[in-house]
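Protein chains in written order, with the numbering used here: chain A, 1 to 89; chain B, 1 to 418.
Please note: incorrect hints may appear among the correct ones.
As the list claims (entries may be wrong) - When the alpha-carbon atoms are kept at most 30 Å apart in a straight line, the in silico DSS-like pairs for lysine-lysine are as follows:
id: 1; chain 1: B; residue 1: K53; chain 2: B; residue 2: K30
id: 2; chain 1: B; residue 1: K25; chain 2: B; residue 2: K231
id: 3; chain 1: A; residue 1: K37; chain 2: B; residue 2: K414
id: 4; chain 1: A; residue 1: K47; chain 2: B; residue 2: K229
id: 5; chain 1: A; residue 1: K26; chain 2: B; residue 2: K409
id: 6; chain 1: B; residue 1: K414; chain 2: A; residue 2: K15
id: 7; chain 1: B; residue 1: K409; chain 2: A; residue 2: K37
Rather than coming from a laboratory, the hints here were simulated on the basis of the structure.
So you can see what is in the structure, the chains are spelled out below.
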Amino acid sequence: MLYIKCPYCGLRAQKEFSYGGDATVKRPNINEEVSSKDWDNFVYMRKSPRGKHVELWQHIAGCRQWIKVQRDTATHEIFQTAKVTEEIR
Amino acid sequence: MQKYSLFSLIKNAFSNHQNWEVAWKDPIPKSEYDVVIIGGGGHGLATAYYLAKEHNIRNVAIIEKGWIGGGNVGRNTTIIRSNFMYDANARFNEFGMDLWRNLSQELNFNVMFSPRGIINLAHSDAQMNAYARRGNSMRLNGIDAKLLDRNEVKKLIPMADFSDEVRFPIFGGLMQPSAGTARHDAVAWGYARQADDMGVDIIQHCEVTGFDVVNGKIKGIRTSRGDIKAKKVGLCVAGSTNILAEKLNMTLPIETHVLQACVSEPVKPLLDGVVTFGAGHFYISQSDKGEMVMGGDLDGYNSYAQRGNLPTIQHVLTGGLALFPFLSRLKMLRTWGGIMDMSMDGSPIIDKTHIEGLYLNCGWCYGGFKSTPVSGWTFAHTIAQDQVHELNSELRLNRFSTGHLLDEKGLGTKTWIG
Chain A
1 MLYIKCPYCG LRAQKEFSYG GDATVKRPNI NEEVSSKDWD NFVYMRKSPR
51 GKHVELWQHI AGCRQWIKVQ RDTATHEIFQ TAKVTEEIR
Chain B
1 MQKYSLFSLI KNAFSNHQNW EVAWKDPIPK SEYDVVIIGG GGHGLATAYY
51 LAKEHNIRNV AIIEKGWIGG GNVGRNTTII RSNFMYDANA RFNEFGMDLW
101 RNLSQELNFN VMFSPRGIIN LAHSDAQMNA YARRGNSMRL NGIDAKLLDR
151 NEVKKLIPMA DFSDEVRFPI FGGLMQPSAG TARHDAVAWG YARQADDMGV
201 DIIQHCEVTG FDVVNGKIKG IRTSRGDIKA KKVGLCVAGS TNILAEKLNM
251 TLPIETHVLQ ACVSEPVKPL LDGVVTFGAG HFYISQSDKG EMVMGGDLDG
301 YNSYAQRGNL PTIQHVLTGG LALFPFLSRL KMLRTWGGIM DMSMDGSPII
351 DKTHIEGLYL NCGWCYGGFK STPVSGWTFA HTIAQDQVHE LNSELRLNRF
401 STGHLLDEKG LGTKTWIG
């Protein structure tokens, strides 16, 4: 079981959360010319690194906020969590 | 090569089975090969075998970081089927079914292919309609499909919960009678033994650390056991594709996830074929040893760990218990995990790349084992002829940018939901 520290609620079990994928993927800006390649990269292309990965989770059975989690994809160790508006470095 | 037969078994019995020759050698890597296949799993071994057999390319090496058969080919739940709706997937996998049917004879190795059928259960009228549609599509592609009503399902799996109180009553199901299971290790070993016999070097415990690409052309690979020159390189490392792609500065439409499976203690013969639950993600079959082999959802987050967490196993088995209440009295023998190349439309990629001489075989999601022969067959063709075969002409990398997706399940890019 993973234990994720929600920045709003504190340490909670993985079962309260649902996964939202890579948090570093950025949607192209609206009202700007977007090339097919940019859309391609946004919709389909993923780095999926082995090691540190910054990802989105939603505290679905808690405060329902989206949060950022920095986790190791090889060991499942969680290093850091933050609000979505905050940066993880 | 020593042929395996009843005669050779009896003959070797006289020397207490001490004189069997090794099934494949342990060669020292040469400095140059015509083709290097990275990944000694089922698909890589099959690719090398068909390169040698169908295309007479025998100066081939398989480079494997661990040992052959130690990855997903030894971790899957051994299901073989071709019950796909889309033409590209259906034709591809039905060609594979033909290879499966003759594989034991071809490899002179009993892969224990056992076509006992697969039943996908439906739990609503809408699901029955969807299965009727899929079954019709399968039949149009020459694949056997049978729509079963509730009573027909009850005859085949009477131990399922057919009581009135169940939350998801069984309305019927779609059956592919020619689907089945095989012994996964034997598939890897059988291909390895024949490939080795035809001159393929199987190099184990050798990690690929980099690639030599000059002017957009592959020249060779760098490994933990020295540099190896190669005219052509095939990547066949589902589960680790993103790691090698990063070394090539490539980004792919693939996320890597962990999938768990489990087996119970062995019991007497109970379940004939494969059954999938339609109201949750759960599937089950019984191995020849009597163990109930079960699997279901991904753990649901990017992972390269070959192990998962308990909540997913609990969730999957909750679905299992809803379908087969008798499971509650079985002890679990073991659980394990394997890492999956989850492609963004749920279908695999077998293609050339923008680098000349570099070929890509990846994105198998959780369905790689059943495609082992056809994957090797088409990948060998793609490498040998430097062009895709008709069978994998729609399994190309550019389908994501052109919009020709093969989203069999219609799930979109949230691969972890599937």
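Given the hinted pair A/K37 and B/K414, is their alpha-carbon gap at most 30 Å? Cα-Cα ~20 Å, so holds.
B/K409 paired with A/K37 [C-alpha distance capped at 30 Å]: Roughly 25 Å separates the two Cα atoms, so the pair holds.
Is A/K26 within 30 Å of B/K409, Cα to Cα? holds (26 Å)
Does B/K25 pair with B/K231 here, judged by a C-alpha cut-off of 30 Å? holds (23 Å)
Given the hint that A/K47 pairs with B/K229, test it: the Cα-Cα distance must not exceed 30 Å. Roughly 27 Å between the alpha carbons, so the hint for A/K47 and B/K229 holds.
Pairwise hint evaluation, A/K15 against B/K414, where the allowed Cα distance is 30 Å at most: Status holds; Cα separation ~18 Å.
With a cut-off of 30 Å on the C-alpha distance, tell me whether B/K53 and B/K30 pass. The given pair, whose Cα atoms are some 21 Å apart, holds under the 30 Å limit.
Hint violations for this structure: none, all hints satisfied.
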